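Asker: Protein chains in written order, with the numbering used here: chain X, 1 to 445; chain A, 1 to 445.
Derived from the structure by calculation, the hints contain no laboratory data. This one's a predicted model, so the numbers in the text were calculated from it and none came from an experiment. Be aware that one or more of the hints could be misleading.
Straight-line Cα separation of at most 27 Å, DSS-like style, residue types lysine-lysine; simulated pairs [stated by the list, open to error]: (1) A/Lys331 - A/Lys76; (2) A/Lys135 - X/Lys205; (3) X/Lys76 - A/Lys368.
Protein chains: 2
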Amino acid sequence: MKRPLSIAPPNRKPRIVIVGAGFGGLAVVRGLSSVDAEITLIDKQNHHVFQPLLYQVATAALSPADIAAPIRTIVKERKQMHVLLDEVTGIDKEARTVFLSSGASVDYDLLILATGARHSYFGNDHWAEHAPGIKTIDDATKVRRTILLALERAETNRQENVESRDELLTFVVIGGGPTGVEMAGAIAELTRHATSMEFRYITPKCVRIKLIEGGDRLLTTFPEDLSAAAKTSLEMLGVEVLLGARVNDIDATSVTVGEDRIPAATIIWAAGVQASPAAIWLGVEADRAGRLVVGSDLTVPSHPEIFVIGDTAAVIDANNKAVPGIAPAAKQQGEYVAKTIRSRIRGKNETSPFRYRNFGTLATIGRKRAVVDFRWTKLKGFPAWFLWSTAHLYFLVGFRNRFVVGANWMWNYLTFERGARLITGLDRGMDVQADGEDLVTKQAA
Amino acid sequence: MKRPLSIAPPNRKPRIVIVGAGFGGLAVVRGLSSVDAEITLIDKQNHHVFQPLLYQVATAALSPADIAAPIRTIVKERKQMHVLLDEVTGIDKEARTVFLSSGASVDYDLLILATGARHSYFGNDHWAEHAPGIKTIDDATKVRRTILLALERAETNRQENVESRDELLTFVVIGGGPTGVEMAGAIAELTRHATSMEFRYITPKCVRIKLIEGGDRLLTTFPEDLSAAAKTSLEMLGVEVLLGARVNDIDATSVTVGEDRIPAATIIWAAGVQASPAAIWLGVEADRAGRLVVGSDLTVPSHPEIFVIGDTAAVIDANNKAVPGIAPAAKQQGEYVAKTIRSRIRGKNETSPFRYRNFGTLATIGRKRAVVDFRWTKLKGFPAWFLWSTAHLYFLVGFRNRFVVGANWMWNYLTFERGARLITGLDRGMDVQADGEDLVTKQAA
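With the hints as constraints, model all of the structure from the sequences given.
Answerer: Printed below as a string of structure tokens:
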């Protein structure tokens, strides 16, 4: 491949702009620590989130600060680096400028887009209001509020209205991938413990949890026997698993599966994602999920100065396989991009194509079960859970979070208490909508 | 005093309704643990808040879950007790019924109102939008968002607009009582550390913190030398203390003190409180601050079955002194009410009037200074801070919170890192109003 050898004019440092401080973006930052360049990191949140544990915030096992760290704190040793809390509104590829919603703009010599994905409702965007997904801290605290308020309202409601109580105590999770499986298991444990220990009128028998999957098994990326193990584990926790089920409609009080209308106050979406609008900013080709199609060197065709990584990119790697949209893949892509940039700065222009290394995939089900697929071996049950916990703790950014999350898990495990079980955003008391509607969404709508 | 001896008809248990799960309400619950009665605890939040530490959430030193505990978890051993997440809308004194915003109602034989206070803007309610106070978790996360966003915007703004940068980096706290002093000190430490370590364009010299007090000294309930010590400590932290200063106006971008308009993006109200509307519910006399005037037995005149305690009550105690609106007083009143009820249930009707015991008052200034007034002795500086920390940890509800807060403080102390420094409620990115306006308030307005 032919590349322009000089990244920046000789009279100044190269300007590297990284958009997105997720796993991919931070891996680039880390890989460029020894590089003498002017680096700007832009994110629309002020914190990095450890997304694989967001479901634990949504089910009140952890607090937001346990799994999120301010970006400035993470990069504070990089005295040269600029961090901007801002949102990209457009990119001029020819002028090499990124435009931001604050009105500011930033010029680049090299641009890395690592802006992740949001939920996709497959053309039914009006479902989003009633069936939120979990991609950010605010998503997670919103779902937490919805779940906890449903329990509270069912308790206040008492025996007075059985239909309304059943609706309040039906929790539907849509999507049988790792997030859906983890959410359903965590809701089962939260509601079972809370209703048996801390409520007077509602009991575990009143609660129904349904996990809805369109395919014929859960965790389709895992081997079949682990899918079966996950299903059995969920059923032992009281989750009803519906396979081959098609969601036809969602409204404020129900989800319609096939022809069957299921009244439910809490509906959670874990069924699909849509890439961030990076392809639109650049005016280039995107696939059906909105992902920008990049080469196996992770650059945009005809634009070797623009890299796209993580959930925003559609990549066929050196093994001729599509790279999955998971945290380890984003990290590896970030490391690859940093290595490419280091080579270019040294004047070398040859890099071998990106190759995703699959070290294994994990999903956890409740307090002490999980499934792990290492390809060379498989684990389930408690050993899998233990490995899952250790791996997640290990990958948490920053010692403090690792320590706090560890202490929290230990505490949960020993006592079943959920210290983070706060309903926030209720300040105007009962002015909050009865369906737990997101105030932020409503405001912005 | 003559009392009706029987609380409830002999054929059923007495029904005791407690409204408010603050320090006062929970002290009543605790004091009634051995009483055979049907007890209902109503609160409009699902959690008890340790209010004296709310300013630490507002300045990102602690997370919400560190200083708040779900009410159901606190009382879970009381299998007889009902907890309702609901809000009082009215009370029928004759029928002895409490009406709730969910539409439900609860009958009582004995009623305890411990509903606390909100901020008072002395007739300028439109100031509330621009100068929020800190009484709830949502208040605190809102102020945290305002402070952190101001820093972020000043950084993005850079040198481009000095006036706008100065406005963003001016933090005004109104009210020189313990809350105002603690807020000003905590903001000084947060901004100084953040601007010197983690921002590139803004420096500690750009930041101005003003504490505005109408009286001629800070902490007017403390001895004069401690007021002076607090002022000196704040000034050492870089806080400008304005005494005898009168706030004439507040708008979205400034506060007018006397004739002097001070542009400021962050304005925090710590100047006055207004009792909850308990007097209105009951249709009885209230004082100027909205507090219900009760006898020295803490009951409403002519209604020995209704007790009012804490910030909602105006009480002249057995020492002929007004009881202050602080946590220890609310706790003592709660214990007193529980004792009175236990006596009545045993058929005894004589109780000596309530007497407030002042064990000392404390205020902290930043990371290692405080002032303590024990009446028999006074402390300032580090020993006072150490005592303050220990006392607060001791009084935190629940071992888990005590442990987590202790670990957090230690961590803050050693590293100056603020793990809770998350800006939440930003999910729609820059759609959030530039003045950091509260989404919940706006939505409800």
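Asker: Flag every earlier hint the structure violates by its number, smallest first.
Answerer: 2
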